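K.L.:
Here is how the chains run, residue by residue.
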Amino acid sequence: MGKRTLPGFGLSLGYTIVYLSLIVLVPLATLVIKSAELSWGQLWDLATSPRALASYRVTFGASLVAALINVVFGTLLAWALVRYEFWGKRAIDALVDIPFALPTAVSGLALTAVLAPTGAIGRFLEPLGIHAVYTPLGISLALAFIGLPFVVRTVQPVLEELEPEIEEAANVLGASRWQTIGRVIFPVVAPAMVTGFALAFARAIGEYGSVVFISGNKQMETEITPLLVMSRLEQFDYPGATALALVMLVTSFVLLLAINGLGAWTRRRIGATA
Amino acid sequence: MTVATLGHAHVRARATTTEPGWVRAVIIAVSVVFIGLFVAVPLVAVFASALRDGLGAYLGAIVDPAALAALRLTLEAAAIAVPLNLVFGVAAAWAIARFRFPGRSLLITLIDLPLAVSPVIAGMVFVLLFGSRGLLGPWMAAHHLRVIFALPGIVLATTFVTFPFVARELIPLMESQGHEEEEAALVLGASPWQMFVRITLPKISWGLVYGVVLCTARALGEFGAVSVVSGHIRGSTETLPLHVETLYNEYAYGAAFAVASLLVLIALLGLVVRRLIAARIRRTT
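As given, the protein sequences belong to chains A and B, one line each in that order.
Mapping the first sequence onto numbering that gives the first Met the number 0, position 65 (from 1) lands on 64, and the numbers just tick up by one.
Mapping the second sequence onto numbering that gives the first Met the number 0, position 229 (from 1) lands on 228, and the numbers just tick up by one.
Bear in mind the hints are in silico, worked out from the structure with no lab data behind them.
Keep in mind that this is a model prediction, so the values were computed, not measured.
Some hints here could point you the wrong way.
Facing chain B, a subset of chain A residues (Cβ under 10 Å, in silico) [as the list claims (entries may be wrong)]: (1) Gly-13; (2) Thr-15; (3) Leu-75; (4) Arg-82; (5) Tyr-207.
When the alpha-carbon atoms are kept at most 20 Å apart in a straight line, the in silico EDC-like pairs for lysine to aspartate or glutamate are as follows [said to hold, decoys possible]: (6) B:Lys-202 <-> B:Glu-174; (7) B:Lys-202 <-> B:Glu-182; (8) A:Lys-217 <-> B:Glu-249; (9) A:Lys-88 <-> B:Glu-174.
Where is the CB? At the ideal position from N, CA and C, for every residue including glycine.
Taking the hints into account, I'd like the entire structure generated from these sequences.
P.N.:
So this is what it looks like as structure tokens:
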């Protein structure tokens, strides 16, 4: 390809690898080295203690609910933003980026204030018997807040790429509007929806700042895994923290690989129709 | 087919490639209400809670010595972390966008890795490495070096979580731009350094600024990773987000939201700048 004619390959790649190793790879390797000080049995016991298992249930359960909320409302939002014209559309589009832009601690604080029994939204939920603060529901809502931009910003460009001619063709060939949506639009958008779901889910699992204020941090009930890692560290229980961190790290790796695979799938799908 | 029937067919096709009016109205209403309740109301609530005790109390919480010390530390950490990741981002983008080599896609995945790691773990690995009971702990103690519960640890944690932002903006941008101008400059006798400063940097400048804004916003707002390594020493190792948490836990709600509103304003400013840059990039490409 003749690309080697450009200068600086050795320098830029060398610097990239050294810096990546110093900041990311060596520190992460420390976690693996530390866990090697433990036997498999110890590691297993620490990673499957009742409190750890309860924290996985809370973390994965709430993340799943949050990612599902995001797929439904995120796709709807992306559809409205791409397909319809309405007053305030640009403001809505800008607001979608807010959860990504806000520091997580601020998001957590703001959601807690709003959903508390005396808060702007909480005061209407309380008479209905819905407690959003210090419950798994609150954790799910905080995680859904954090994850919303991922689905909208993944689905939106795919919808923008869709050529109206394809829908017109489907219509001319006798498909109803719902058939067109189900059989022509959905198959193209579905990979982006799944990718957005995975991105939101992956982000939710590791999330800390936005959750700690709203969750109440009750052991076995509303304690998320990152918080349990934090409290193990504060008690200088490094083996306990290491075992949990290893579980989370492996989960993150698997999700990252899945997301990269999904990205390739999405590009193939779009490439096939364009 | 005559022009008239073509026009008619076009109108008919348009009408059937959108949804009935009531469906559109419902989707728009749900979207607006959802974003309104979920994003706009909490945003307004921060300012309402911050100003609850009056403007005097609000300003008092912000010019409080502990808050100002936290602001200073936050800016210091970002001022070190962002340039480090900026230089890395340019180097990584040049290597990845301009050359093909074995392990290239693995490298791209590894650069994204910090985004997939929980912030708590991002901070924790530095405690395992440099903490008093960490791998290098005894050696560090012997040489009177402190990383954890001090500025170096906060800088490292911030650098880790903001690691990919500049690189992720520059790689696709440089890939889309091609390298003909660079090659022309070299053929015409420019040195590699001249080529980089006069050709490459101007070409990527807006993408660079965009990445730096993203990186800075995250650096100023990072909470989890910094929380692990900071030790929460008031006036000394507390960043702005950590100061918000401390105030909140001390039931100083008004002050907590006042400082939080400062972070919201910084975040909104970053968002506006990003939108302006994105519009500019769209216009010029």
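K.L.:
Evaluate each hint against the coordinates.
P.N.:
Hints and how they fare:
1. Gly-13: 9 Å, holds
2. Thr-15: 4 Å, holds
3. Leu-75: 6 Å, holds
4. Arg-82: Since chain B brings a Cβ to about 7 Å from Arg-82 of chain A, closer than 10 Å, the hint holds.
5. Tyr-207: 4 Å, holds
6. B:Lys-202 <-> B:Glu-174: 12 Å, holds
7. B:Lys-202 <-> B:Glu-182: Holds. Lys-202 of chain B to Glu-182 of chain B sits at ~14 Å (cutoff 20 Å).
8. A:Lys-217 <-> B:Glu-249: 19 Å, holds
9. A:Lys-88 <-> B:Glu-174: 32 Å, violated
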